[in-house]
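Undergrad: Each chain, letter by letter, is given below.
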Amino acid sequence: MQMPETRVLLKHAEDPELRTLAGYKRYDGYGALEKAYRQMEAEEVLKELEDSGLRGRGGAGFSMGKKASFLPRGEMQKYLCCNADESEPGAFKDRELMQRNPHQLIEGIAIAALAADAGHAFIFIRGEYDLQADILDAAVAEAYEAGYLGENILGTRRDLELVVHRGAGAYICGEETALLDALEGKRGNPRLKPPFPAVQGLYGGPTLINNVETLSNVPRIVAHGAEWFRGFGTEQSPGTKVVSVSGCVQRPGNYEVELGVPTRELIYELAGGPGGGREVKAFYPGGSSSPVLTAEEGLDLPYSFEDMAAAGSMLGSGSIIVADDSVSIPHMALRTARFYHHESCGKCTPCREGTNWTVKMLERMVHGEATPMDLDIVASVQENIIGHCLCVLGDSMAMPVGAMVRKFRGEFEQVMAEAGTAVAA
Amino acid sequence: MSGKEITLIVDGREVAATEGEMLHDAAKRGDVEIPVFCYEPKLGEPVGACRMCLVEIEGIPKLQTSCSTPVRDGMVVHTRTDQVKHAQSAVVEFLLVNHPLDCPVCDKGGECPLQDITMGWGPGKTRFTDDKRHFQKPIELSPLVAIDRERCLHCYRFVRFSQEVAEDEQLQLLERGDRTFVGTFDDRPYVAPFHGNITDLCPVGALTNYTYRFRARPWDVEQAGSVCTLCPSQCNVSFTVRDEQVKRVVARDNPDVDDGWLCDRGRYGFEMFAAEERVTEPRLKGAAGGADWQAAIEKAAAGLKAAGVGKVAAIVGDASNEEGYLVQRIMREALDSENVAAGRAYGILRHDLVDISQPALSARVRDIDAADAILVIGTDPLHDSPILDLRIRKAVRRNGTKLAVATERPTTLDGGADAAVRYIPNATGAFLDDLVKSLSGSGDGESHFGADASQIADVLRDAEKVVVVWGENVAWGDGRGLLALAEALNIAEHDGAGMLEVPELANARGLREVGCMPEAGPGLSQRLGGMGVAGIRDGLQSGEIESLILFGVDPIRDFPNTARWKSALAAADHVVCFSMFENKTTALADVVFPLESHAEKDGTITHPDGRLQRVRPSASRPGDIRPNWGILAELSLALGFDTGISSQPSAFAALAGEVPFYAGITDGDIGGRGIRWQEGPAAAAFPTRPEPSGDPVELVFENEPGETTYTEARSYDLDVSTYRDLWVGPITELNPPLRFLSPRQTLELSPGDAERLKLEGGDEVTVSQNGSTIRARVAVRERMRDGTGFLIEGTASDNANALPDLAGTIAAKIAKVGE
Amino acid sequence: MSPVDGPGVSNPNLPVDPALVEGRVPDRVPEQVPELHEVDCPPDLKEHIETLMGRYPDRKSASIPALWAVQRLYGWCTPEGIRQAAAVMRVTPAYLESVASFYDLLHTEPVGTHKVAVCTNISCWMRGADELLEAFRSAAGGDEDIFVTGFECLGACDIAPMVSIDERYFGPLEAAEAETAIEQLRTGKDVLPEKALEKRPLAGDAGSTGGVPRAGDADA
Ligand SMILES: Cc1cc2nc3c(=O)[nH]c(=O)nc-3n(C[C@H](O)[C@H](O)[C@H](O)COP(=O)(O)O)c2cc1C
Ligand code: SF4
Ligand code: FES
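Residue numbers (the numbering used here), protein chains in the order written: chain F, 1 to 425; chain S, 1001 to 1819; chain G, 2001 to 2220.
Please keep in mind that the hints were generated in silico from the structure rather than gathered at the bench.
Given the structure is predicted, the values throughout are model-derived calculations rather than measurements.
Don't take every hint at face value.
[Stated by the list, open to error] Below, a list of computed lysine-lysine pairs in the BS3-like style, where the Cα atoms sit at most 30 Å apart:
hint : chain 1 : residue 1 : chain 2 : residue 2
1    : F       : 193       : F       : 35
2    : S       : 1566      : S       : 1584
3    : F       : 193       : S       : 1394
4    : F       : 193       : S       : 1028
5    : S       : 1042      : F       : 407
6    : F       : 25        : F       : 35
7    : S       : 1247      : S       : 1285
8    : F       : 360       : S       : 1062
9    : S       : 1137      : F       : 360
10   : S       : 1085      : F       : 193
11   : S       : 1125      : F       : 360
12   : S       : 1758      : G       : 2195
13   : S       : 1285      : S       : 1305
14   : S       : 1566      : S       : 1247
15   : S       : 1062      : F       : 66
[To be verified] Sample of chain S residues lacking proximity to chain G, with all beta carbon distances greater than 12 Å (derived):
hint : residue
16   : 1020
17   : 1074
18   : 1076
19   : 1168
20   : 1191
21   : 1306
22   : 1409
23   : 1412
24   : 1424
25   : 1566
26   : 1660
27   : 1667
28   : 1675
29   : 1771
Ideal placement from N, C-alpha and C gives every residue a C-beta, glycine not left out.
Bound conformation, chain F alone:
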């Protein structure tokens, strides 16, 4: 018997009609928007969001309400960007949310824009999500038509323009400042922080950036209140989380659970575990940027921001990639490093050169052309990257690769030796 999901965001998601305005309204859609726009002051909405303790679902886990409160007040044009770039290996939850329930996101954006006093909003969706972008386009058009977007929303004299902006294939654009550059029509290079986007973001104006899942949570919080939201999850990680589980499991997919459920149950019960008599060897708890945990370290941890951090990893985007005992960790490290090497924007030195160098060393290792000393160099190169880059992409490779070398050193040595013999023969 499986552990049940707790569906808030994915509630009614099996209904194909949900993606239309009519379908969404059948389940009380846009009720929260009406409430916020007609009955609440921006400050009240903001307070509700802060009180809910909603933490960002895009990776860093920062309090959403607090971030919105950082935006200066005043006459200047402010912006809201929904980060729908979802490109981290292992993550596919935003895709599901947009595909199945686009109006929930649009409603969340409109309410968050009210709280942040933003007049322009953008959904930056990765270019590969063509289907989802089409669905969003259609939903946005419906929302304009119905008066939930555009000028004078519901006759409240408030305006909001919402544009769906398709990216063109670059993971780095998920990094919030790179996203801004990309949205300004440039190459998606991260910017220096400070200034933070909340102060100086898109077109130089204060900008609130939130993940799709974060914003999708907003309507329910406004509809039912912060207290209700805090009724799910843990003290420090309130709410539910859509968790993408993939890799060596029998039923890969998105599962919505309360934060803090045992990780083992997510992997084994909901996703069915490795099957075929295999066992979990290690897993990334929060996408490919999170340091891998061994089965012993991780399976019994509650799935929450705080417990993953305490274990030396992170919940990140909430995407679990499972490696069973058939998976070669050195090869997995190589795949991981290759990804970051391919995606490094190239702006800063440690990441641009460090990812390149790491890939070359790992390739030599799995081809048997490396010496044990290279293993120390790989580890030291990861150390040299961490904390020295302009954005977190460099660390996102160095931390998991570093963790793999550290935790599975024996396996690396074995792979090197075996490949070496094969080469010699």
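Use these hints to put chains S and G with the ligands onto chain F, whose structure you have.
TA: Okay, now just chains S and G with the ligands, sitting in the frame of chain F:
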């Protein structure tokens, strides 16, 4: 920047700083060197890309880039802790991952920041053993600059230059990650007027000058600081000299003048110093080979003396203050003639000049940076004073300064301007009238330029700090309009507001102030009776003038109406020509004296904003060339007048003694950065504004400036005017690397006129006026005024100056060649 | 404000005086902002890009959408197409090429009409992505019309190993299905209809891969 004075602690030492400035700069002032690659404040905001400058700041867990961290009071910074050293050496090691270790064959070797920083902060040896990135070895980025992509550090400097400074957006990063490289669209050449600056900016040997590649090594060259005198911008340069010859020109930052940039003319225009055509010894007409100096001076003096009293004249062009001063002394004191002029055809009348040059009305170059609004009128800085073009862009880009452009021909500043209008060539006076009316709200709507003028007025009206950048010709013949404009804008009342001239001659201001004007002697003292350039020409033809000194000018090429000049020079009894190069004018001269180049001479010049700058001898003079001031002093002696000048310092002392507002300025005051006389000890001695009475001296004009016909019906095809192209003249013809830039004669016209005349871009046409005809290629340009076309002055062939009445607008007939 | 880094509205573009370059560098004229009359931009493309520019506070924001439009029209971002977009947007072609070359989905070299991207990232790799990519490569043979490439994570690890064909997702696939898919592409048929992501139920719902029992929706 807030400007608040604060203190911080860097490596245990207290450092005073200004709040908000970058930590790297503050540390440097406290003598703590933090290594950088990508940081270059001239390029705008820091990018923080190279990560070389990481330091530890107490209270912040992660290391921070000092190039992008503004300082705060009480900040405690460590730059040499283990953590910092580890980070710095890691960054160097990463930089070397893909950087070829080919220093022995790299042109940057010996003056390479990467080499230096690797020695100072690097890990000693790299652990990288894999293959490095490969690109095709040096390839042509432009005909002047080679790029070696393997050496690139991705410091962003060159792309930032192209995007942030020149704003041409030609140089771009292509691809992503460690595959990133710098390139241009479709691999086309990067040709833009300032592109050489990228070679100064590159911290490695990725970008090198073809003109310098493998010519010298840092240890066998010397750097000599001087000033470029090729245009009125007077940028500060440093000559790289080997074996007493200039091998390279690099920028020498002076924020008061050039902001650390050079145009490609100043940077690459030095090979002409050694051109075949260079005059390297005195020469007498009809004699083969060079002449003896003494004989030449005597011959010159005899010819000048033979002329009747007052029947001699001098025209000065490219000259230092000392040279101009000596020429006018020879005229006035040795030959008793007031006929001394600088320039081409017209000039500014003394009383106008005195009016407009009042210190209260004068702008400094720096004022552009902080202006609320800038008006560019009657000049395209890109052609006339290139560095100002960058300066104005910077103000608009960084400070949101409002920009208004009013010119005859489209300018490159139009795109960023809040208003850009075209007036009819030669109608500046009418336009100024309308503008002043519009500014003061008294326009009656009847004027010719009413609508355009009010567009410009709208941009300027509410601004306090307005800088007016005006082309010399705006004040030709009549400067009252300009003065009225200054009054309407309340320039005198506002700090930071002012007028800045873009004259035609590089040292126009200095030459006028030392007395090269027919109606003004040194210090702009009032004189009467002299002839201007056009008067001298007509005088030569009529016999009123018999002898002539030409100093650094080539009338046959550069002055309007070639035919008249040819006959004038032929009619002269005696022509003494000082020239750097042999040309059509020297061919007609009786005595030719060689001139020093600006890399060879010693002297002062005066920037259009009043800054006296020093030109220093940096290279040896080829052949038998002697200091120009010395020849002039000797010539004067030979004429029986002792100037008392025996050295360049004594020449400067003498002129400073006669120009009251230069008084007390010493060589030390001028130093490496120059000094504006307005800020000098004797600024108050500038002549006061003259009484409006007194009859102004008449200048002779071919076409009265300001006189234009506005008729629609016409018997000709097009009004044609001219402009001076950045690349025209010996600068491109005598510098082999720049030769490709030499312009061909081109007739620019508006799309409307092209359609009316059934012409297309690239068509060959003839342009005829009063029996003279030249050929030109057609170019169709947007943003032109219908009815007016433009030709280039001074081209090697089909020179527009050959058309007789080109001084003003001409009514020309256009015919397609072959039809 | 810096176009390379940092916030800001794009510079008013200030091109170099065309007179300074034109005719001086034989046939390889450096490209300024092209004038519309020089580029022969199809009216539909022009109108489309103008609409796009109108959607943003700053015209440069339309550069990625404009490049998409160029690519949809010509199959890839051809130099001519880039010049056309640049003329409409009033930017240099170099600027647009720089942007295009940064992004994996925009092609600055010719590619086939059909684009097949096989994910080879971690989750798909674990489930046979390398073999799948090989299978697609050999099924496509040397067909220049079908552009097969390995790709980083496409955000569909739940249907690993998966492929994106002409911008729609399919999975999980057996290597053998590559042949079928390519054949369907060649004959203009619907590709692998039963494997389209769109058809897939929610993971926890009955009928999905493992048939997890209907989970409880949260009450509110
Ligand atoms: C390299 C990199 C990639 C990222 N990709 C994404 C992404 O695809 N989606 C996302 O929501 N956040 C991503 N982030 C995190 C964002 O920078 C940002 O923190 C987030 O969008 C904030 O939204 P949230 O507070 O709602 O989580 C990424 C961060 C980095 C450093
Ligand atoms: S860490 Fe990597 S992705 Fe981030 S700025 Fe540096 S090079 Fe770009
Ligand atoms: S100099 Fe500071 S990051 Fe390059």
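Undergrad: It remains to establish, for every hint, whether it holds in the given structure.
TA: Outcome of the hint check:
For the proposed pair residue 193 of chain F and residue 35 of chain F, the alpha carbon gap of about 36 Å is over 30 Å, so the pair is violated. Our distance criterion of 30 Å between C-alpha atoms is met by residue 1566 of chain S and residue 1584 of chain S, whose separation comes to about 9 Å. Of the supplied pair hints, the one linking residue 193 of chain F and residue 1394 of chain S holds, its CA atoms being roughly 24 Å apart against a limit of 30 Å. Taking the CA atoms of residue 193 of chain F and residue 1028 of chain S, the gap is near 23 Å; set against the 30 Å cutoff, the hint holds.
A distance of roughly 48 Å separates the Cα atoms of residue 1042 of chain S and residue 407 of chain F; the hinted pair therefore is violated under the 30 Å criterion. Among the hinted pairs, residue 25 of chain F with residue 35 of chain F is consistent with the structure: their alpha-carbon atoms are about 14 Å apart, no more than 30 Å. With a C-alpha separation of about 34 Å, the suggested pairing of residue 1247 of chain S with residue 1285 of chain S is violated against the 30 Å cut-off. A threshold of 30 Å between alpha carbons decides the hint, and for residue 360 of chain F with residue 1062 of chain S the separation of about 28 Å falls inside it, so the pair holds.
Our distance criterion of 30 Å between C-alpha atoms is met by residue 1137 of chain S and residue 360 of chain F, whose separation comes to about 23 Å. As the CA atoms of residue 1085 of chain S and residue 193 of chain F are separated by approximately 23 Å, the hinted pair is consistent with the 30 Å bound. In summary, the hint linking residue 1125 of chain S to residue 360 of chain F is supported, as the alpha carbons are separated by about 19 Å, within the 30 Å threshold. Of the supplied pair hints, the one linking residue 1758 of chain S and residue 2195 of chain G is violated, its CA atoms being roughly 62 Å apart against a limit of 30 Å.
About 18 Å separates the Cα atoms of residue 1285 of chain S and residue 1305 of chain S, which keeps this hinted pair within 30 Å; it holds. Between residue 1566 of chain S and residue 1247 of chain S the CA atoms are separated by roughly 37 Å; this puts the pair beyond 30 Å, and the hint is violated. At most 30 Å may separate the alpha-carbon atoms for a hinted pair to count; residue 1062 of chain S and residue 66 of chain F meet this at roughly 23 Å. Every CB of chain G is more than 12 Å from the CB of residue 1020 of chain S (nearest about 16 Å), matching its label as outside the interface.
Even its closest Cβ contact with chain G, about 27 Å, leaves residue 1074 of chain S beyond 12 Å, as expected for a residue assigned away from the interface. Distance to chain G confirms residue 1076 of chain S as a non-interface residue, since its nearest Cβ pair spans about 27 Å, more than 12 Å. At roughly 5 Å, the least C-beta separation between residue 1168 of chain S and chain G is not larger than 12 Å, which violates its mark as non-interface. Listed as outside the interface, residue 1191 of chain S is inconsistent with that label: its C-beta sits roughly 5 Å from the nearest C-beta of chain G, within the 12 Å cut-off.
Under the 12 Å C-beta cut-off, the non-interface status given to residue 1306 of chain S relative to chain G holds; the minimum distance is some 46 Å. With 12 Å as the threshold on Cβ separation, the claim that residue 1409 of chain S sits away from chain G is violated: the shortest Cβ distance comes to roughly 9 Å. Against the 12 Å criterion, residue 1412 of chain S falls within the reach of chain G, whose nearest CB is about 5 Å from its own CB. Distance check on residue 1424 of chain S: its Cβ is at least 20 Å (rounded) from any Cβ of chain G, clearing the 12 Å threshold; non-interface status holds.
No beta-carbon of chain G comes within 12 Å of the beta-carbon of residue 1566 of chain S; the shortest separation is about 28 Å. Taking the minimum C-beta to C-beta distance to chain G, about 41 Å, the non-interface status of residue 1660 of chain S holds against the 12 Å cut. At roughly 38 Å from the closest C-beta of chain G, the C-beta of residue 1667 of chain S stays outside 12 Å, upholding its exclusion from the interface. Here residue 1675 of chain S stays apart from chain G, with its beta-carbon at least about 33 Å from theirs, past the 12 Å limit.
Every CB of chain G lies more than 12 Å from the CB of residue 1771 of chain S, the least distance being 28 Å, so the non-interface label holds.
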